[in-house]
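Using the sequences provided together with the hints, build the complete structure.
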Amino acid sequence: MDSTPFRQSPEVTRREGGLARVSRAGLTPLVAALVALFLLFVTLPVASLFLRISPEAFLRSLAEPVVLDALSLSLVTAAVSTAIVVIFGTPLALVNARHDYRGRAIVDTLTDLPIVLPPAVAGIALLMAFGRRGVVGQYLDHFGISIAFTTVAVILAQVFVASPFYIRQARASFEAVDRLYEDAARTLGASPATVALRVTIPLAWGGLVSGAILSFARALGEFGATIMFAGNFQGRTQTMPLAIYTTMQGDLDAAISLAIILVAISFGVIASVKIMTRRRL
Amino acid sequence: MLSVRAVRHLRDFTLDVTLSVRQGETLVLIGENGAGKSTVLNLISGILTPDAGEIALGERTLYSSEERIDVPAESRKIGHLFQSYALFPHMTVFENVAFGLRCRKVPRPEIASSVANQLAAMNLADLSDVNVGRLSGGQRQRVALARALVLDPDILLLDEPLAAVDMRAQGAMRKELHDRIRNAGIPCIVVTHNLGDALELGNRICLIEEGRVVADGAPEEVLSMRDNGFIASFAGPGPHNGLMPRAPITGHCGGPPDSWPL
Numbered sequence: 247m248d249s250t251p252f253r254q255s256p257e258v259t260r261r262e263g264g265l266a267r268v269s270r271a272g273l274t275p276l277v278a279a280l281v282a283l284f285l286l287f288v289t290l291p292v293a294s295l296f297l298r299i300s301p302e303a304f305l306r307s308l309a310e311p312v313v314l315d316a317l318s319l320s321l322v323t324a325a326v327s328t329a330i331v332v333i334f335g336t337p338l339a340l341v342n343a344r345h346d347y348r349g350r351a352i353v354d355t356l357t358d359l360p361i362v363l364p365p366a367v368a369g370i371a372l373l374m375a376f377g378r379r380g381v382v383g384q385y386l387d388h389f390g391i392s393i394a395f396t397t398v399a400v401i402l403a404q405v406f407v408a409s410p411f412y413i414r415q416a417r418a419s420f421e422a423v424d425r426l427y428e429d430a431a432r433t434l435g436a437s438p439a440t441v442a443l444r445v446t447i448p449l450a451w452g453g454l455v456s457g458a459i460l461s462f463a464r465a466l467g468e469f470g471a472t473i474m475f476a477g478n479f480q481g482r483t484q485t486m487p488l489a490i491y492t493t494m495q496g497d498l499d500a501a502i503s504l505a506i507i508l509v510a511i512s513f514g515v516i517a518s519v520k521i522m523t524r525r526r527l
Numbered sequence: 032m033l034s035v036r037a038v039r040h041l042r043d044f045t046l047d048v049t050l051s052v053r054q055g056e057t058l059v060l061i062g063e064n065g066a067g068k069s070t071v072l073n074l075i076s077g078i079l080t081p082d083a084g085e086i087a088l089g090e091r092t093l094y095s096s097e098e099r100i101d102v103p104a105e106s107r108k109i110g111h112l113f114q115s116y117a118l119f120p121h122m123t124v125f126e127n128v129a130f131g132l133r134c135r136k137v138p139r140p141e142i143a144s145s146v147a148n149q150l151a152a153m154n155l156a157d158l159s160d161v162n163v164g165r166l167s168g169g170q171r172q173r174v175a176l177a178r179a180l181v182l183d184p185d186i187l188l189l190d191e192p193l194a195a196v197d198m199r200a201q202g203a204m205r206k207e208l209h210d211r212i213r214n215a216g217i218p219c220i221v222v223t224h225n226l227g228d229a230l231e232l233g234n235r236i237c238l239i240e241e242g243r244v245v246a247d248g249a250p251e252e253v254l255s256m257r258d259n260g261f262i263a264s265f266a267g268p269g270p271h272n273g274l275m276p277r278a279p280i281t282g283h284c285g286g287p288p289d290s291w292p293l
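Residue numbers (the working numbering), protein chains in the order written: chain A, 247 to 527; chain B, 32 to 293.
Hint data in this document are derived by calculation from the structure and do not stem from the laboratory.
Mixed in with the good hints, there may be bad ones.
Unchecked claim - With a Cα cut of at most 20 Å, we get these calculated EDC-like pairs of lysine to aspartate or glutamate:
| hint | chain 1 | residue 1 | chain 2 | residue 2 |
| --- | --- | --- | --- | --- |
| 1 | B | K108 | A | E428 |
| 2 | B | K136 | B | D183 |
| 3 | B | K136 | B | E126 |
| 4 | B | K206 | B | E56 |
| 5 | B | K136 | A | E428 |
| 6 | B | K108 | B | D185 |
In structure tokens form, the structure reads like this:
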């Protein structure tokens with residue numbers, strides 16, 4: 247066997263160096279082209295929305311009842327479902343971030359499930375649970391309570407699909423809080439509840455708010471589970487995505503106007519999440 | 032008077048210590064990093080729970096495995112200063128010091144006056160509204176001390192109190208800390224791996240190795256244990272090594288104690 251397997255002759259290194267330089271020089275335009283093409287692919291459709299409608303037509307369709315109903319219903323239901331997610335999700339995220347218990351992995355998996363579950367599956371699952379003849383719904387029906395195809399169903403569908411976005415972010419933010427502050431607070435006389443309210447939650451605040459914003463955005467865009475579980479009734483269950491789908495078949499201007507509003511909200515969401523997470527550092 | 036007998040199984044060894052601190056006494060726990068010194072403080076203040084043993088502070092039993100007593104950390108009335116001071120970064124100096132009083136539901140005007148007095152005593156009055164992120168190491172230490180002392184604790188635990196203060200200021204800070212501990216007039220446990228700190232601050236020194244107390248006595252006694260590897264690492268072989276029981280304390284003296292890696 248050759249006793250000097252790593253021959254380091256000057257020519258070899260020079261040639262390799264040259265090769266690397268050449269391929270790097272060739273790569274840069276290629277990567278730039280890929281990036282440019284992809285950015286164009288993302289921005290072109292969004293820009294097309296704005297190009298397809300005149301400002302006058304946009305303002306005119308904003309006055310249409312179908313647009314106004316969808317806008318107000320969407321904002322109200324997304325706000326309510328975000329509040330529900332925060333109320334239920336914050337303690338859950340805090341417990342899972344700070345305590346190890348049997349079955350924590352199962353709880354984590356279950357709370358993450360809606361992220362990977364197709365919305366259509368979520369819709370039919372909710373219907374099977376809370377529909378008139380559903381597992382829970384049939385008992386509620388005895389008391390004259392029906393959930394499916396009401397505004398409550400819209401909110402439940404949104405909570406179902408949007409909750410993981412908040413809970414995941416909240417848990418990560420709680421884990422990022424140094425336990426030392428909590429220990430110090432306890433030696434100063436703070437009960438576990440006081441520690442959570444005055445130390446852990448304030449220190450995780452930026453992450454919690456950005457998680458809530460993401461969850462709100464997901465609730466606002468919810469379509470599949472809503473149309474299956476809540477139906478598509480204007481003023482009651484027809485949220486903005488459903489209204490876009492409905493008006494697209496007749497009044498394209500209304501559909502585009504709604505879409506533009508959602509684009510604006512989406513930009514606001516991204517910007518505010520960026521600002522919130524940057525401030526945390 | 033604090034008496035501790037505590038056993039706790041750690042990852043690398045079993046911590047098994049018995050020690051006591053008399054009224055007005057300052058006990059120094061010294062030993063190498065990872066010897067279990069900070070764990071002892073955490074067991075006393077209730078952040079960690081022993082696997083067995085008994086901890087009593089005056090008349091109060093804080094922990095007893097036999098009697099199944101475990102007073103939660105928030106009810107122990109123990110001042111615990113952490114190595115990095117753990118000042119709440121989202122609060123001002125005032126809010127940090129007021130934190131414990133608010134937890135005790137002390138009336139607002141009383142909080143304002145207690146905190147103001149404590150800050151004045153610590154030369155921190157000007158910094159009351161400053162966010163703690165903008166303080167120097169020495170100022171942070173004083174805020175942490177004020178935050179603990181304003182609650183009138185029965186004992187003070189200091190974990191490496193000078194480690195986060197920059198080298199040049201350490202001599203002066205040590206002197207200041209010494210005075211403040213004496214003035215507070217409460218028993219105190221100081222954890223350090225710096226023999227200079229131990230000699231300046233302690234009435235009594237406990238040497239801890241791998242979770243066990245291997246020496247317990249007056250500073251001079253512990254210092255004379257030349258056969259111990261940890262002591263010898265400061266002292267060197269000869270008797271005239273520049274390490275006197277009362278090492279020079281003003282400024283950075285450059286002797287073996289200060290050269291011990293932080």
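We went through each hint and held it up to the structure:
no. : hint               : result
1   : B:K108 with A:E428 : holds, 16 Å
2   : B:K136 with B:D183 : holds, 15 Å
3   : B:K136 with B:E126 : holds, 14 Å
4   : B:K206 with B:E56  : holds, 17 Å
5   : B:K136 with A:E428 : holds, 19 Å
6   : B:K108 with B:D185 : holds, 6 Å
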